[in-house]
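Q: Fit chain B to the known structure of chain A by using the hints.
If you read the sequences in order, they're chains A and B. Under my numbering, the first sequence is numbered contiguously, ending at residue 552. Under my numbering, the second sequence is numbered contiguously, ending at residue 552.
Note that these hints are calculated values from the structure, not bench results. It is possible that some hints are incorrect.
Identical copies carry no separate label here, and so any pair may be met within one copy or between two of them.
Derived lysine-lysine pairs resembling DSS-like cross-links, with alpha carbons at most 30 Å apart [as the list claims (entries may be wrong)]:
1. Lys-197 - Lys-215
2. Lys-494 - Lys-215
3. Lys-494 - Lys-539
4. Lys-421 - Lys-223
5. Lys-421 - Lys-215
6. Lys-419 - Lys-215
7. Lys-213 - Lys-419
8. Lys-494 - Lys-421
9. Lys-539 - Lys-421
Only a predicted model underlies this, so the values are computations on that prediction, with no experimental measurement involved.
There are 2 protein chains.
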Amino acid sequence: MPQGTLLYAQSGGVTAVINATAAAVMQAARTRRVRVLGAHDGILGALREDLIDTATLTPADLKALIHTPGGVFGSCRLKLKSLEEDREKYERLLGVLRAHDVRWFLYNGGNDSADTALKVSRLAEEFGYPLTCVGVPKTIDNDLAVTDCCPGFGSAAKYTAVSVRECALDVMAMAESSTKVFIYEAMGRHAGWLAAAAGLAGGGRNEAPHLILFPERVFDEADFLARVEATVRRVGHCVVVASEGIRDAQGRFVADAGGLKDAFGHVQLGGAASYLAARVQHALKLKTHWAMPDYLQRSARHIASRTDLEQAQAVGRAAVDCALNGQNGVMPVIVRDSDAPYRWHIDIAPLDRIANREKKLPGNFIRSDGYGITAAARRYLGPLIAGEAFPPYAADGLPTYVTPKLSAVARKLDRWEN
Amino acid sequence: MPQGTLLYAQSGGVTAVINATAAAVMQAARTRRVRVLGAHDGILGALREDLIDTATLTPADLKALIHTPGGVFGSCRLKLKSLEEDREKYERLLGVLRAHDVRWFLYNGGNDSADTALKVSRLAEEFGYPLTCVGVPKTIDNDLAVTDCCPGFGSAAKYTAVSVRECALDVMAMAESSTKVFIYEAMGRHAGWLAAAAGLAGGGRNEAPHLILFPERVFDEADFLARVEATVRRVGHCVVVASEGIRDAQGRFVADAGGLKDAFGHVQLGGAASYLAARVQHALKLKTHWAMPDYLQRSARHIASRTDLEQAQAVGRAAVDCALNGQNGVMPVIVRDSDAPYRWHIDIAPLDRIANREKKLPGNFIRSDGYGITAAARRYLGPLIAGEAFPPYAADGLPTYVTPKLSAVARKLDRWEN
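So here's chain A without its partners, still in its complex pose:
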């Protein structure tokens, strides 16, 4: 039985399957007889010495977490600055790790979290404390470097493709006398991965989504409106998928465009879709509906991808192996061996190749006209939404998601005030 404690924390926006990673970490650590603490609300909990004793979670709890969305220990949005700038925080963090004999720290998150994990991994030599820090990938944005894809993305992508196919059937039925244009807003502030996944909902030029707006392309309103009009003339209706991150030629986010204000002069929390819908309705006089699923798309465990779920669990197990092997400053990543049949395996990559990079949609994934996806994109995206992994349902018709009771670890240090 290895000496020491493993600390696991969740970071950034949660996903439909990050709890499956958490469960896999705890299951793997138990097999190795390693004690696991959870940090309450991500790195914040580590700083505050707000820790959770996972030993009180039963095997049934862990099993239920595999099909429960959200983040069981709580997550946070807090990016540590450099060692120089945030020295006080790092010293506090080390103090907490020391106090609880934490030798392994697993940080489960996206870009910012990889950066934090990288910084923490360097504490070991800086302060001479024997810590192994391992990043664990997670993000619905799919924008982490090195890894072929990110756990969380496949399920959000499946939600997106299924939802767009469904609402397209609705619009098709209504178009003759009612809604002719439908605009779906997909998450992705900087990279159009989820917008691209919507492309899986249909095939040819006349199948929805008819137009996809990527943040990787400059949004040209006149061209967009002309294409909407042409699509409605040709097909009878038009389904648009807009990435929340689309920007005009001046680099302004369309979601902020127009500086929407309410009667009180307050800036409205807009969205790209609501703006586009107003423009279509005004300029083209076509009845338009729009949807913004927001958090629904990243928490939709009910329509999770089996591929995604399996990868979420695999990175969790691999991270425990890395930690116990003393592989400091690394992250388990997903390597694709083949598209069809889809085959993948886990490899280990250094965090400094991952932190602070952002994987945009490759140019050859976007159709030459800029409004759709290519065959290469389909080959990449297709396997990631394959397979179903329905949660169990209770007799009341709802999935049996759990929020297990968490046991706080007794504090050993003074309270920390940020």
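A: Leaving out everything else, chain B in the frame of chain A:
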């Protein structure tokens, strides 16, 4: 084999299960060896003599329609006025029915459609043409009179309850350092049935949704904001479900409030949730996210309720029976025999008891504080979302929804111009 043809048309907003009703109508009629035509785009198709020969649909097509959302023949939003005002249309309609030997007309829709069906049912004596007209219930709004519930509602309700439970887990995980308030906008312009269904996502006062805003209650902004603030103080976060139809004391829709305009002075296609989110963020300085699923909630066949699906099929079969029995001017309705165990049967009600009425949420379904649902509401709503009815999925990870090729019936009359 009965003499004549049965015409089936879909009307109003489509649902996740209206095609299951269509399939049941065709299957039942085939068993009775009755020819079925479909009207393309609802009553419009009947007026335009734009008819579909359903004989070319294979048994496999009908089976696939049971799990396909949208409206296979197309729907429409067109309300016929009185016989006096729209006499020309009624005469045209009769002309088309006569030309194709239509003796039975099934109109599948909500309130407005029940009204149209009622008017058409009176044509028989008015023009001496032997027609039996039967309404078939459908609406996600659940606001039809007489019937205990409406096919389409249960699936939208299940989508709502599941989605709210999922995003609540997301917000709970993020609240400490990020989003504290989440607002979900549910359809229901006049009646809060779907907003109420969101209440099934949680139980006690501290479980999401913490606040539900019903169109049956006057929206009091100050009171609402105070409750959001109190909830965040007590629970750490607050999940709000707002019906799109909430109105202030002056009767103005909150969704239209503020008269949102973009930089060009165009009125924005707002929504209640985006308005409320801006108010919360401004007045309470709490980070707020919001979602507006719009058509996603009514086309989400992937999370359909089995109860709803069974009822959608049952009303279709019963409507064929009514028609062939010569029961003119009626609608098959759902009668609840017991809540637990849930038992129901189909009865037949006259359309004049259904048309132009609107079933609001009963007063005893809304908690006395106006922001939640009661045990009576749970008893009513619970069974309607019970049971799953997943569509089959292909290897590509998408449900196998179909858009069967439709065969037009040869025209016999001159073209009709409205």
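Q: 30 Å Cα cut-off: does Lys-213 pair with Lys-419 within a copy, between copies, both or neither?
A: between (46 Å within a copy, 22 Å between copies)
Q: Should Lys-419 paired with Lys-215 be assigned to within, between, both, or neither, using CA atoms and 30 Å as the limit?
A: between (50 Å within a copy, 25 Å between copies)
Q: Can you give me the call for Lys-197 and Lys-215, within, between, both or neither, at a CA distance of at most 30 Å?
A: neither (36 Å within a copy, 59 Å between copies)
Q: 30 Å Cα cut-off: does Lys-421 pair with Lys-215 within a copy, between copies, both or neither?
A: Cα proximity of Lys-421 and Lys-215: across copies only (23 Å, versus 48 Å in one copy).
Q: Have a look at Lys-494 and Lys-421 and pick one of within, between, both or neither, based on CA distance no larger than 30 Å.
A: For Lys-494 and Lys-421, the Cα distance is within 30 Å only across copies (27 Å; inside one copy 33 Å).
Q: Reference check for the pair Lys-494 and Lys-215, CA-CA at most 30 Å: within, between, both, or neither?
A: within (24 Å within a copy, 55 Å between copies)
Q: Between copies, within a copy, both or neither: which fits Lys-539 and Lys-421 at Cα up to 30 Å?
A: Close across copies (26 Å), not inside one copy (49 Å); limit 30 Å.
Q: At 30 Å max between alpha carbons, let me know whether Lys-494 reaches Lys-539 within a copy, between copies, both or neither.
A: neither (39 Å within a copy, 39 Å between copies)
Q: What label fits Lys-421 with Lys-223 when the C-alpha limit is 30 Å: within, between, both, or neither?
A: between (54 Å within a copy, 25 Å between copies)
In terms of the numbered hints stated before, the structure departs from hints 1 and 3, listed from lowest to highest.
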